[in-house]
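Undergrad: Each chain is listed here by its residues.
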Amino acid sequence: MSYLPNILFIVALATASVLFAKKVGRIRKNIGLGKDVDRSDRSRDRLQNMLRVAFGQSKMQARPVAGALHFIVYVSFLIINIEVLEIVVDGILGTHRAFAPFLGKAYAPIISAFEVLAVLTVIAVLVFWWRRNVSKLDRFHKPEMKGWAFTDANNILYIELVLMFAFLNMNALEANFADAHHSFLISQYIAPLWSGASEWGLHFGERLFWWLHILGIFAFLNYLPYSKHFHIILAFPNTYYANLEAKGRFENNAAVTKEVALMMDPSADPFAAPAPEADAPIERFGAKDANDLSWANLLNAYTCTECGRCTSECPANMTGKKLSPRKIMMDTRDRIEEIGVNIAHNGTFVDDGKSLLGDFITNEELWACTSCNACVQACPIDIDPLNIIMKLRNFATMEESSAPGALNAMMTNVENNGAPWPFNQMDRANWINE
Amino acid sequence: MTTFHVPTLAQMTAEGKAPEVLFWVGCAGSFDDRAKKITKAMAKILHHTGISFAVLGAEEGCTGDPAKRAGNEFLFQMQAMMNIQVLNGYEVKHIVTTCPHCFNTLKNEYPELGGNYHVEHHSQFLNRLLKEGRLKIEGGSFKGKKITFHDPCYLGRANDEYEAPRALLEKLDVSLKEMRRCKQNGLCCGAGGSQMFKEAEKGTAEINHVRADEAMDTGAEIVVAGCPFCNTMLTDGVKNREKEDQVQVLDLAEMIALAEDL
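Chains as they are written, first to last, in the numbering used here: chain B, 5 to 438; chain V, -7 to 254.
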């Protein structure tokens, strides 16, 4: 009978871990639906970029208030995980504060430091909640932030509050035990609130908060993959696999290079049948749907935490156009999820008559982009909405010929006279004599 | 009319000579009346420094930047391959251009297609000449003038070059007032991504008007740009507020040419 809590704990831990692993596996599979792109080079630079941008949060600090508050929550998340480790050990072995004997005199200061972080986190979370719900920061209230996106953001804040509340009260109750061994910096001041409770009530309450804290963490873990908050994990691979080239360098499409080389080769036989490639899928120029994008684009989509810094820096968005780089990422994620479910149900993808371009992202959004890279610069975790926009434009222009008329006229000029305007190429040096 | 001879690369090659640098003029620089003034200013500076340079003239074609940004990868690569054939045929090693779009495309997108050159934006090129002592700039007429600098996206964020243009302006002894959004956070003029060639989508404001307002809010008498397209957009934005008599929009090359009375 005395082993019941241990068994319950192990069952909870195993269930949470298995469910989480399963969901992560599905997301991994979905990301794998993307086209291949080589990001295996420059591993040193990649590691450095990850340490700087994800671990060191360098780009978060572009906005000092949000940057500082986020840093508190982030550090406290990393550090309080040590305490969670202790809880897990206690839960499995049925011990109480298993790390205390090993840490000796250092134990109380360490837990006290965790408590300070917990209080700072509560303050930061409350400020975040205020910014989102009361002062209504513009970027949190764009059209794409209605419904689930908005609820999700608040859910995260509420879960964090509950976890911190449980952690502090668990310690506060214990401080009132008749045989209390521990007293910590913050919880000692919460302790008097519970001093009237009976010894049995104190022990029951302490266990209750202990379970609330750890079950809350298990629930949080499994909520993550359904939430924008998954960035706390994916920010690391995402920054590792980020594009390290100059932002102005847009990918050259290799399939097109082959065609162009053939066109420019005077000895090429235009009637030669292409070499048959068995079962080669029909290649499409650019991207129409989410699975035409690269896995890096899809990883970006799952990593996005919908902070909206990209959208608030976007010149098109700030002048009232429909384009929102954040929405590009959210649409991509929604669509690849949908494709994933479709494949899971049918074994293979069955056409559902929908596509990323058209049903999720409209032409009006697509053509408002100035390719200025402000969104890419603004993203604290190196997400690149511009790369997706350009792939969609490739499809719109090369496969559908649906570019705006004025751009078609410009392209005709480039084709005919080597300039975007209808001037004769022979006149290019006229300025010398004008 | 330029008072000096601007040779084409074909002429120079025929004479058995090779220039130190190829001046890539670009489409705007060749055809747009406003941008032609920037081209001429740059040619004057090049001539003034005594550097041997040439242009491609009729052998130059659009780099393909607007086609690529409009999604037409095919047309982009056609343009790129034609230009690369010309450039490689002349064994061009070093290119300078006054257009950040040409600069970006030549520098970043041509190498993979077989075009490998040392490409510089004119701000980088002129800044280097300054450091090497091959170009001298005196403050002259701009001493103490309030100016602001608009970072072109394709020079700034796209290629992380923020200092070269500012170093040049410093030499002119101007009083540089930065806009709230500058350098990495600079606001686009609205022309990039082929927007130059189409109407903007429906919205509440024009990007170039917003940006020109930001520039004028600094109290600057001169808005300095480093891109012919930004120049057009900002000039339009200044006119939108009917401030064209008070506020000038000038290119870096024009500033230097004016200061040196070239």
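It is possible that part of the hints are untrue.
Derived SDA-like pairs (lysine to any residue); straight-line CA-CA distance at most 20 angstroms [said to hold, decoys possible]:
(1) V/K190 <-> B/K146
(2) V/K28 <-> B/K326
(3) B/K326 <-> V/K137
(4) V/K137 <-> V/Y109
(5) B/K146 <-> V/E193
(6) V/K135 <-> V/A251
(7) V/K175 <-> B/W204
(8) B/K63 <-> V/E193
By construction, these hints were calculated from the structure, which means they are not laboratory data.
Undergrad: Run every hint past the structure and note whether it holds.
TA: Hint by hint, here is what the structure shows:
no. : hint              : result
1   : V/K190 <-> B/K146 : violated, 26 angstroms
2   : V/K28 <-> B/K326  : violated, 35 angstroms
3   : B/K326 <-> V/K137 : violated, 39 angstroms
4   : V/K137 <-> V/Y109 : violated, 37 angstroms
5   : B/K146 <-> V/E193 : holds, 18 angstroms
6   : V/K135 <-> V/A251 : holds, 9 angstroms
7   : V/K175 <-> B/W204 : violated, 64 angstroms
8   : B/K63 <-> V/E193  : violated, 30 angstroms
Hints 1, 2, 3, 4, 7, 8 from the list above are not met by this structure, while the remaining hints are.
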